[in-house]
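Given the coordinates of chain A, work out where chain B should sit on it, guided by the hints.
2 protein chains.
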Amino acid sequence: MVANLGKPQISEKLIDEVKDFIQQGNEQELGKLLEEMMPADVADLIEHLDSDERLFIFKVLEPEGAGDVLVEVEPPVQSRILEDLDDESLSEIVQELESDDAADLVGDLPADRARAIIGSVREDVSQDLEKLLPYPEDTAGGIMGLEYVAIHADATVRDAIHLIREKREEVENLYHIWVVDDFQRLAGVISLKDLVLEPGDRKIREIMNPEVISVHADTDQEEVVHLVKKYDLVNIPVVDDQHRLIGRITHDDIIDVIEEETDEDISLMAGVVNQEITEDSPLKISRARLPWLIAGLLGELISALVISRFETSVQRIIALSFFFPVIMAMGGSTGNQAATVVVRGLATGDISLVKIGKRLLVEMKVALFNGLICGMLLGLIVGLWIADFRLGSVVGVALVVIVLNASFLGASVPIALKKLHFDPALGTVPFVATSNDILGLLIYLIFVTSYLRWIG
Amino acid sequence: MVANLGKPQISEKLIDEVKDFIQQGNEQELGKLLEEMMPADVADLIEHLDSDERLFIFKVLEPEGAGDVLVEVEPPVQSRILEDLDDESLSEIVQELESDDAADLVGDLPADRARAIIGSVREDVSQDLEKLLPYPEDTAGGIMGLEYVAIHADATVRDAIHLIREKREEVENLYHIWVVDDFQRLAGVISLKDLVLEPGDRKIREIMNPEVISVHADTDQEEVVHLVKKYDLVNIPVVDDQHRLIGRITHDDIIDVIEEETDEDISLMAGVVNQEITEDSPLKISRARLPWLIAGLLGELISALVISRFETSVQRIIALSFFFPVIMAMGGSTGNQAATVVVRGLATGDISLVKIGKRLLVEMKVALFNGLICGMLLGLIVGLWIADFRLGSVVGVALVVIVLNASFLGASVPIALKKLHFDPALGTVPFVATSNDILGLLIYLIFVTSYLRWIG
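Heads up: the sequence lines are chains A and B, in that order.
The opening residue of the first sequence carries number 1 in this note's numbering; numbering runs sequentially from there.
The opening residue of the second sequence carries number 457 in this note's numbering; numbering runs sequentially from there.
For the record, the hints were derived by calculation from the structure and aren't laboratory data.
Predicted model, so just to flag it, every value in this text is computed and none were measured.
Quick reminder that beta carbons are idealized off the backbone N, C-alpha and C, glycines included.
Hints should not be assumed to be uniformly reliable.
Under 8 Å between C-beta atoms, here's a sample of chain A residues computed to sit facing chain B [to be verified]:
no. : residue
1   : M37
2   : L301
3   : S303
4   : F310
5   : S313
6   : V314
7   : I317
8   : A329
9   : R344
10  : I381
Think about it this way: if two alpha-carbon atoms lie no more than 30 Å apart in a straight line, the pair counts; the simulated DSS-like pairs of lysine-lysine are [as the list claims (entries may be wrong)]:
no. : chain 1 : residue 1 : chain 2 : residue 2
11  : A       : K13       : B       : K874
12  : A       : K32       : B       : K686
13  : B       : K515      : B       : K686
For reference, chain A alone in the conformation it holds in the complex (with noise of 0.2 Å):
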């Protein structure tokens, strides 16, 4: 392995040479090339690859390797790996991973090769697949791997390091202890670095920390991320009904569940589908997409409803029309703003339940204010236009209804969705646009043909 200082990036040289010896049927020199890469760089490689070469590539790495690289691959690239491997690499892949990592691969599999799998691989693997399988996959027992060291509270720091030394394979990344009682039920936790101060003797439950975090199996992914946010966690003990140590959830889990979490929100607020990104179907992606598309274009058809029953009026100024998209943009932006922050908020945390009413006042305040200086501006533009200050007034004001009603509607679809326990991110922005856009110009055409009838 070599150290990668500053941006490993996959060359162009590299990719032709792993070709060439492909070609070549060169697993010597290929092996050789692979074995001074991180597994995270073969498998930025391997995407790079076609699925011929791809398998050559699983058939020269051993079966540990090929399994630290397969879980690095981007998921759509992962899942097509696992559709060209056979079911006896798999099943010596499966064997060499971690238990939360074996547990997610074959979680995605289907249910009869799965099946095949779990029947296929050693005891004590199949056991851990059977232990994590049942969780749901954004739960905390979902994330959780059962490769953790638990010591009993009367046992010694000596028999503790002994622990360590039995389970040093199999636990690869140690940062703390977790104690137990005679129930098996969490108790304290020992940091690594408390333990390597004291002396052999010493008994755990003296030196242990009783006051330890944990989350059920069952809390939401969401609710495990926020915890180990606030109180700068580096892994997190997780325990069942009977409060008893079941997994750990470390660092790396966190922060794949952070970028999971975001991009589901961003995904659901631009109406793309998660994880397209790496997706490279585009007939997938199409059909993903399209549902948001043709929602908003059954949606914009009220906004032509709209304005049809205002047909006199845009008749009459024609110039009316005109100022359509002016009056959706400024109602779509500033509903937009109003969804992102709320949305974003209520995703980090920063926007608790107890903070509505406060929040939804500032939006209101900001559109406000925001509102009167567009609706002078463009009150001021119509008016000059169209020779017409009285009707630009007329245009300024219903700017400035549009944009309070924008505002409000931004702000509060995510609430009401959240209080729905929805996922607030869950279609908000879609949603919010195209009523504002009806709405907007629904307040645009009832303000001037209300002024049209009044000067008669």
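Frame of chain A, contents of chain B only:
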């Protein structure tokens, strides 16, 4: 300190209780209550109090407790507290902070006050500050801390443990110790797990891993995050030009940077200011959002100009104006989908500049497919609505062109910004949205006007 299981929420009851103690001036009871809370929970509590109440709390907390709380408070609240604290209290707090937190805090103060604080703290603290303050905030140097344990390669395990004992208080979280040569140059790493298993007289050189991943102090913080995520690191050493060890970045700093960069991207995409979630001055929020709104308003006036150039077509068939919202929304949504995926992909590193051509091609295929479906649907509806299927077909074809154009713009603008070394998120979404409104309407009106001319 009490362990928190599940969701620790600051209750209204707790807030009222604290407010009562403060009104009664009951420092003793309040002190007891605060002592039982975790600093992050006290920080949450403080966000619900007014300025005088906050100062009272800080008076009650010991300097160290006060520092731990202060670093957990959200930035806008933090800066208000800093304004309220006198220099003496602030110096005491700064002395108790970890070096990176102290530098962040002092770095955010006005220059005069920062100098006063640096002049009044203990000498070791002011030396640390002077080491850290010169680094730009968004580099490895800007986020690193000075609390680490480094040992010479010729030392023994016993020496290492002795050093850890010396630094026990200073280095709160320790997972690895770094190994240096005669010139303080980074030469290796040992995990505490490995250290604890070795006999006391073992030479560090013999057990260290010489392949240690490090970053240069000037490395951009996004690149640091990229490395830590890629190689699942728990901390990463920072080196200078001579490869001398000068600091360390830990997992919690990395999570902070991830959140910060995501907030920044989301904010830039929606045209809202970063960190405004916890900002509650409406005027500051307005000022930050207004430029985007005014830019949008002026941009959409170009749309108004476009429509006005085709006034005769609209006058001839007023129903053409009914479909402005659909046209704008379709261009907007498809452009936004493409832009979101590309911006996010560039941020997470899933789209490298190598794969850009491929990504653009995928986006165009998706656009063609979705454009065809939406075009057929809209063509049919327009045909039915105005009872002219030939005009309907023209609108449908126009929509295909609009969607292709919008997707190209959405995908290529962030890529272009990246190539020009700008932040791809910078205004991509508002810019793409406005451009797509203008171009969408232009394409639509050119198509229908050509058709109207053709049929005479």
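Status of the hints after comparison with the structure:
Interface restraint check: A:M37 against chain B, minimum CB-CB distance 12 Å, threshold 8 Å, status violated. Annotation: interface hint on A:L301 holds; nearest CB of chain B at approximately 7 Å, less than 8 Å. Because the beta carbon of A:S303 sits about 4 Å from the nearest beta carbon in chain B, less than 8 Å, this interface hint is met. Annotation: A:F310 was flagged as interfacial toward chain B, and the flag is violated, the nearest CB pair being 10 Å apart, outside 8 Å.
For A:S313, the interface hint is violated, since its Cβ never comes within 8 Å of a Cβ in chain B; the closest pair sits about 11 Å apart. A distance limit of 8 Å between C-beta atoms decides the matter here; for A:V314 the minimum to chain B is near 6 Å, and the interface restraint holds. Evaluation of the A:I317 hint against chain B yields a violated restraint, the C-beta minimum of about 11 Å exceeding 8 Å. Because the smallest distance between the Cβ of A:A329 and any Cβ of chain B comes to about 4 Å, under 8 Å, the interface hint for this residue holds.
Hint status for A:R344 relative to chain B: holds, with the closest Cβ pair at about 6 Å, below 8 Å. For A:I381, the interface hint holds, the least distance from its beta-carbon to any beta-carbon of chain B being 7 Å, beneath 8 Å. Taking the CA atoms of A:K13 and B:K874, the gap is about 23 Å. The hint holds against a cut of 30 Å. Among the hinted pairs, A:K32 with B:K686 is consistent with the structure: their alpha-carbon atoms are about 22 Å apart, no more than 30 Å.
Using a Cα cut-off of 30 Å, the hinted pair B:K515 and B:K686 is violated, with the two alpha carbons roughly 44 Å apart.
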